[in-house]
Structure formats: structure tokens, C-alpha cells
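Protein chains in written order, with the working numbering: chain Z, 568 to 677; chain S, -5 to 112.
Be careful, since some hints might not be right.
Partial chain S-side listing against chain Z, Cβ under 8 Å, derived [unchecked claim]:
no. : residue
1   : Ser(-1)
2   : Glu100
3   : Phe103
4   : Pro105
Cβ-to-Cβ under 10 Å is the rule here; a few derived chain S residues that face chain Z [stated by the list, open to error]:
no. : residue
5   : Val(-2)
6   : His1
7   : Met39
8   : Phe85
9   : Ser89
10  : Arg108
11  : Thr110
Since the hints were derived computationally from the structure, they do not count as laboratory data.
All C-beta atoms in this analysis are idealised placements derived from N, C-alpha and C, irrespective of residue type, glycine included.
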Amino acid sequence: DAKTTQPTSMDCAEGRAANLPCNHSTISGNEYVYWYRQIHSQGPQYIIHGLKNNETNEMASLIITEDRKSSTLILPHATLRDTAVYYCIAMKTSYDKVIFGPGTSLSVIP
Amino acid sequence: GAVVSQHPSRVICKSGTSVKIECRSLDFQATTMFWYRQFPKQSLMLMATSNEGSKATYEQGVEKDKFLINHASLTLSTLTVTSAHPEDSSFYICSASRPRGGSTYEQYFGPGTRLTVT
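Take these sequences, add in the hints, and give me the full structure.
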């Protein structure tokens, strides 16, 4: 699976959009970009995933660049409950094992 | 949505004893489940892959005789920490993959089990 790079931490004001970047410059053509998050002392939670096209669900939007070397997870209206560590992972399918990097620690500030 | 449960949510045991942690997929069948360990302020570390009806596959550096994994059914995997020591104190998390359609899956994680060895 391709390696991903994320900023260590980010802050976001409550009510504003949180844009979390992820670099995956070595991603292969059959690898998806998956996003999970982990709220303190809980298990990780699936957010969204995509291959080429931008994706949106009730939690977030995923914007993937045309060359697929980077992506951005967007939480449109961040709330305090969105404070968590966000993991960006490139892998062929989530049937396979998920290897977590350090992720981005997002703090939503009142 | 799919739910994965773990039992117990937290456990305290004495050094030298064994502890069993259960992982259940509540509304789907999972032929493969995974076990992770997470130390404070660190990311999740994959310990092993649990396959129903066969032996688990352990990641490098994980002692298979210490961390016994049994995947007895399509909805249950257990992790037994044998002869636990204080350094085994950690947050143990399991996950299970559910088919989503086509060739993709969603992996659902349990809420975790906090193990403290005294």
C-alpha cells in the first residue's frame, strides 16, 4: 500500500469548514483513498473513501486531485465533536488490513 | 449500519493471569477480523489477522504464543493475552470487513478494550 503524509495537527474554528490534506504521491491505480477518524479512547470510525472521483456523504466530502497524488477531506461545518485524529490511508480494498500512520490531530475550537 | 462490539470494554487483571477479549460483528458475517493495539498517544498497531476456520496471521514482532487468537465463527473472534504483564497494558481494538458492493469493503472497528495489568 502507498505511503501517505499528513500534517501532525490542525486547528479549526467551530462552525467553519475543516480541510484536512493528505499526500499520497506513490498511490497506484487500483488503490483507494480511505479516511477514518478516532475520537479519544474510542475505536476508529470510517468516514469516506474514493478512487478517482470526488465523493460526498453525510459526514464529509473527499476531493481527490486529478493526478491522484493528493486529496483533501472536508468537514463542512466542524463541531466540537469532530475533534479527533484523522487517518488517511491508501489501500486496494478495506477487506485487507488497515495500516495506520500517525494521522492528523484535529482540534475544533469554540 | 454495521456494528462491531467488544467485550469487556475495560479490564484490570493481575500480572501473570490471562485475559480474553471478544470481538463480535453484530449484523454481518466477517470471514476476516483484525486485532490492533494502541499505546497512549500512539497510532494503532496491527497485531494479527484473524481468519474464520484457520490460524491467525501475526505481524512481525507479535508473539503468537502470548496473544492467542481464535476465530470460531463468522461473527466472533477472541484475543487471549496469556500471562499478562504490566507492559501488555494497552487499548486493544478489533475490526471486521463487511462487503459494500462490487469489489469494495468497509472495515468497521470495535469500541476497544482497555486492559490494565497490575
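List of violated hint numbers, smallest to largest: Violated: hints 1, 6, 11.
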